[in-house]
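**Student:** Listed below are the residues making up each chain.
Number of protein chains: 2
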Amino acid sequence: MHETQTTARWQRAQACIGRGVDTIDTPSLVIDLDAMERNLARMAAFAHEHGVRLRPHAKMHKSAELAQLQMHHGAVGVCVQKTDEALALAHAGVRDIYISNEVIAPAKLLRLAQAVRDLPTKFSIAVDSALGVARLAQALQTAGVGAPRSVDVLVEIDVGQGRCGVAPGDPAVALVQAIATHPVLRFAGLQAYHGGAQHRRTAAERTQAMDAATRAVQATVDALQAAGFAVPLVTGAGTGTFSLEASSGVWGELQAGSYLFMDADYASNETTPLAPVFEHALFVKSQVMSLNAAHAVCDAGHKSHAIDSGMPSVWFPSGLSYASGGDEHGVLRADADQPLPALGEVVWLVPGHCDPTVNLHDFMVGVRGGLAAGLVERVIRVDTRGCLG
Amino acid sequence: MHETQTTARWQRAQACIGRGVDTIDTPSLVIDLDAMERNLARMAAFAHEHGVRLRPHAKMHKSAELAQLQMHHGAVGVCVQKTDEALALAHAGVRDIYISNEVIAPAKLLRLAQAVRDLPTKFSIAVDSALGVARLAQALQTAGVGAPRSVDVLVEIDVGQGRCGVAPGDPAVALVQAIATHPVLRFAGLQAYHGGAQHRRTAAERTQAMDAATRAVQATVDALQAAGFAVPLVTGAGTGTFSLEASSGVWGELQAGSYLFMDADYASNETTPLAPVFEHALFVKSQVMSLNAAHAVCDAGHKSHAIDSGMPSVWFPSGLSYASGGDEHGVLRADADQPLPALGEVVWLVPGHCDPTVNLHDFMVGVRGGLAAGLVERVIRVDTRGCLG
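So the protein lines, in turn, are chains A and B. All the letters of the first sequence, read from the start, carry residue numbers 1 to 389 under our numbering. All the letters of the second sequence, read from the start, carry residue numbers 1001 to 1389 under our numbering.
No lab work stands behind these hints, which were simulated from the structure alone. Mixed in with the good hints there might be a few duds.
Chain A stretches covered by chain B per the calculated footprint, using a threshold of three residues with CB under 8 Å from any CB of chain B [what the hints assert, rightly or not]:
id, region
1, 75 to 89
2, 319 to 326
Covered stretches of chain B, going by a simulated chain A footprint (3 or more residues, C-beta under 8 Å) [what the hints assert, rightly or not]:
id, region
3, 1005 to 1014
4, 1049 to 1060
5, 1081 to 1091
6, 1204 to 1217
7, 1321 to 1329
Idealized CB from N, CA, C, for every residue including glycine.
The following block holds chain A by itself, in its conformation from the complex (with noise of 0.2 Å):
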């Protein structure tokens, strides 16, 4: 029963293709194709200037497709951050797949490793624990993948962001030294995401704050090279700071994923000097379903937008500004001299932040043309909505 209303919600989407913007139901998630497509040739063309790998985090958009598009334009695979986002990319033919997060649950690292065993694609995952690189090995085995088959392993170390990696230096020694002992597992360089950085508005902070990352990576990757071992790559970096990881002359591998659609969040930011300038490529297309004489009030909430970075700001028309009116409702409220949008007006809103608000939607409709007059193009699945294990 649900799957059939589900189906009846991306029908009701796939008819619109072909027709205006108009006919697209509301609250939907829209993306303008001509934007998402100008992004994704500015970041492929900063990388390949920069002699530096692109691994765009599917986190962010969710899509097999905008991967495959990804990878199309020189992206070399992509991240997620959990087991079943990579089962559902690698189901759905994504080929080169990097879970940048650790795992330590025996089943999920089992599915993980019957995934390895029996799929097209190429995984490879973060650790930071013993303890993880010891049950990543046992499921490989218990999977019956061996030798000459191995699993890219990459050590993550806090660079500043304070949440998952072993320290700098000498702990990410110990754990490629742990890796070492099992040939099953291939040490594969250095995770170092500092995500803390990416919303610092100022690009004065956010220099600073990768100058001392930069500077922790590279007293690991010493350490590691005056214990034996040698770094294939250091790989990490986000939309905010990622013209400074590609300067660094240490990443060789950025994982910007928010550059496709651009949310307002990320928009805030003063703009990196040499940076690519990104657009405004994801919109919640709303319409007003209450109006009195102080507010407008639009059928999206939180329920079709992620609020943890703050409330959408309004696209169009111009001189709103949204409040919140709870999971269904949205509160618009006309600047001075402004006049309110009338009863049933289209409400165009650009999301906080972008990765939580596709997990919302089953589908994101894409409109070639502009949001005022253009033609739904195509219907995008959201395929890891919802994969949390």
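Since the structure of chain A is already known, use the hints to place chain B on it.
**Tutor:** Leaving out everything else, chain B in the frame of chain A:
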């Protein structure tokens, strides 16, 4: 492909039935069925004792199975907020559904009208504009719904929430007059819900808000009666105030929903005199996937639970506090002299806000016999997850 992996996750959960809580994957949404059933019985007894109808809001649990359980225990039906929620529950067999919210889009109203025509479910709906009334009547006419069939329409008045609804008094009379011009519509009463009052922490604040709301409702009833309209029903109330509506003498139907699960936010309210006390029945099962000297990191972030009403509280083990670690992580810190949990250890969270937390999951795992040593009894589908339209 998407459905394949969603089905795989559903089947993995199903395979836990009859097995221990330890077999449930993390992060998962888990219902303590014993606690939920005690909550169910307490509210059913309360409504019965006070001679008011109970029409719980299914926007909370989003489940046809739980809606039918509530109706089996005396609820007259359920409320929803969106057309697509109504359609999903109706297709899953729920036979009395009230959309306690405005719908203005002709396409949505036509879907509703077709369901009125084709399904055995009784639908009713709120309005707060003449345009909404006219479009509803038009949609019913387009779908071929006519006498002797009619749709119950409730006029929403703003009793202090400051969101949707016409002002109390004469504006409501004008709207009822508009309804009366359409034989296919029947004026069924007033929708009067004060959402903001639900979360005021002291009983005195909530009582003050509901006293004002009661006066607004009474003034509207008086104005309607003076204009020759009987008011068959006043419906509203939430888990924070329902005992006040029940004893007001004007409300005849309670829409409280969260009582079934009780979230951390509602549990922070000072208890209202004479109101039954409800237990936490909804939890996120999580586990530690990274650990260092300062903190543990669990695998449940704001993709597992909503954060609009604050972070989840840690139910077990005791002595821990939860801080945001982003979409996929929670940072757990220990109180003074308390230990951190071990790597792989299970951590149980109580979500800040039930409704949008449930919306993040495809299913809830029902456990009998307690979280510590219970068995999985059944897996409950979230039928209206993602029903935005």
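**Student:** Confirm or reject each hint.
**Tutor:** Hints, one by one, checked against the model:
1. 75 to 89: Result for this restraint: holds, n = 5.
2. 319 to 326: With 3 residues closer than 8 Å to chain B, the region 319 to 326 of chain A meets the three-residue bar; holds.
3. 1005 to 1014: holds (count 4)
4. 1049 to 1060: With 1 residues closer than 8 Å to chain A, the region 1049 to 1060 of chain B misses the three-residue bar; violated.
5. 1081 to 1091: holds (count 6)
6. 1204 to 1217: With 0 residues closer than 8 Å to chain A, the region 1204 to 1217 of chain B misses the three-residue bar; violated.
7. 1321 to 1329: Coverage by chain A holds here, the residue count being 6 at a Cβ distance below 8 Å.
Violated hints for the displayed structure, listed by number in ascending order: 4 and 6.
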